[in-house]
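K.L.:
Chain residues, written in single-letter form:
2 protein chains.
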Amino acid sequence: MSFFKIEHQDKNSRARCGKLFTNHGEINTPVFMPVATQATVKAISSEELSEQGVEMVISNAYHLYLRPGRDVLEKAGGIHDFMGWKGGITTDSGGFQVFSLTDLRKISDEGVEFRSHLDGTSHFFTPENVVDFQLMLASDIMMPLDECVHYPVDKRYVEDSVDLTLRWAKRAKEHLAGRGKGAALFGIVQGGTYHDARKRCVDSLFELNMDGYALGGMAVGERPELINEITEYTASILPKDKARYLMGVGSPPEMLEAISNGIDMFDCVMPTRNGRNGQAFTSTGEIQLRNAPYKDDFRPIDPECGCPACRNYTRAYIRHLFKAGEILALRLISLHNICFYVKLIELSRQAIREDRFLEFKKGFLGKFCSS
Amino acid sequence: MSFFKIEHQDKNSRARCGKLFTNHGEINTPVFMPVATQATVKAISSEELSEQGVEMVISNAYHLYLRPGRDVLEKAGGIHDFMGWKGGITTDSGGFQVFSLTDLRKISDEGVEFRSHLDGTSHFFTPENVVDFQLMLASDIMMPLDECVHYPVDKRYVEDSVDLTLRWAKRAKEHLAGRGKGAALFGIVQGGTYHDARKRCVDSLFELNMDGYALGGMAVGERPELINEITEYTASILPKDKARYLMGVGSPPEMLEAISNGIDMFDCVMPTRNGRNGQAFTSTGEIQLRNAPYKDDFRPIDPECGCPACRNYTRAYIRHLFKAGEILALRLISLHNICFYVKLIELSRQAIREDRFLEFKKGFLGKFCSS
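Chains as they are written, first to last, in my numbering: chain A, 1 to 371; chain B, 1 to 371.
None of the hints are false.
One copy or any two copies: either way a pair holds, since identical chains are not told apart in the list.
Here are the simulated DSS-like pairs of lysine-lysine, each with C-alpha atoms no more than 25 Å apart in a straight line:
1) 323 to 86
2) 106 to 155
3) 75 to 323
4) 240 to 5
Bear in mind the hints are in silico, worked out from the structure with no lab data behind them. A quick note: this is a predicted structure, and the numbers were derived from the prediction, not measured.
Construct all of the structure, not just a fragment, from the sequences and the given hints.
P.N.:
Written as structure tokens, this is what we have:
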């Protein structure tokens, strides 16, 4: 059976809805994956995630490898049992993190040597051992080791980097053969902001017959219009029958734009990171709950939302909690923001099924961007 | 109708179980009140509290008066609506907090002038305005302004302090007359570690016919045996038909000891404060989950506990969360510890009803203190 199935193609855009068939159940796409870098979505429990309709989260092999480490995770029986989460889990290889350690890593064709950001100890990642680690985690969707270049960067470097990413993808795929029944391995499309490099990467990954495709090296410093342009181009040349995952993007408008371009999967730290900073998403735009006007605003965060934070608490209360340094503030906004994203994706799926995604998108953006 | 009713008196000890009849429902006693100083039990939501069987929390007039302040709380319609909590709320007057501001306050017969610990602004608490503030909060059980002396302190100071506390209690009671239907005002028994001072305080409060009695000035530096001795003595001279509240105490063994001496109400920061520090209560004693042995301990915090933290998470996972600085660690241990306290009190009530409280206490302590 195929790992991904399109259930409906919107008649007026490239948006589609479908299903991922993972070892931990079927996941509806488009899907938003809250970020659980260290085996927890910051401030939120696994029960809350499933109660709010989250179907899949994304964790990070690099972080988990360093802490709690292989030994603990292996004894736990993998990451699902470890974090008490029954839904799907995608794991990023950690390529992005390792390559962010500019002064602490050394790349060779064999792999990448790096020093832990926690204790300075030395480690070596190869395409093979990164697959092994993710297999041990029992990840549902694995990412191969790749080189993620930042923006701006010159063409020559990007071309070499694409070559390396492709060689590593091939080795990862070969290493996986016969192992990890049901676990998917995606190919990561790199190529910076250069169409021809992206095209070359897509074509070569296609030959490897990866289980899905991730758009990597996005949101690494380029302006939003460029993210959108590269997403649109890359999605247009990817095979239709495989899932497409836009890594690390984005804001609600960016997600809707990407969905209209045929993207199926998202992850982004915004709901939780912005939430811990007091910023809440509402149907009429973002609001900063620490601000003075909310002092005696006894409406819920978003009057149109029915999440637990909006059912029982007011903006004034949450502002008070923030001012008083109380943890519950971070919990409530993070939870609301995740619900906001999940709801947005659910409504998107529904709109796609009814061939009115562009209309839905226009209506949402008209309201969200009005304030 | 009386505010308190004893439903059963244990045949073999002074322990009793009963009910408080508050404006926000009936509260079973003995009762443990988690501490919600700033209108939130730290890291825990109101929904979690009620799901785990918490019937009443205690908040603090001093803290709420300074932040968010009278204006916001009045517009919110009181503290229950403000914090989204439907159960009972006791509010401490803030006497303890004000008198802790040793260098920032000036006591007179009229009241106490103090500077805010937040911004240095000057404020004046009187027995009357402290009652007014708690009435505005719609507190279910109010505490009058009192002077809480620390240990050790000389007899002469204690006697003067008891006089002041009694004059203030009388003014508070007179001020309340005809106001705040259904809200209870307790008398606070001071007197330090001196039996005769405690006795004099009890006798005078009795004449004021307070709705219940709180044992104040406990756990302020004296050793545990002395806390127990003063509690036993004071409880023995208090009227039987009124609720007795031991303020700020204590550990599970201290609570059971106090229950056997006829105490009905407790509050203590230990479940949440210790929890945020990694310390968990279990049926076989306290454990420090940050310690190395829990690294690969895949049992729940307490294998005998059925709370949400124990149902879905392991010691190893929670230790990882602690090491990784994740908020969920604080949530899970705080929640478990509150459940532990609530369960201990529930089992105590049940044992009292069946005239086997001393047996229950012995069994619990034998196990809890064994490690």
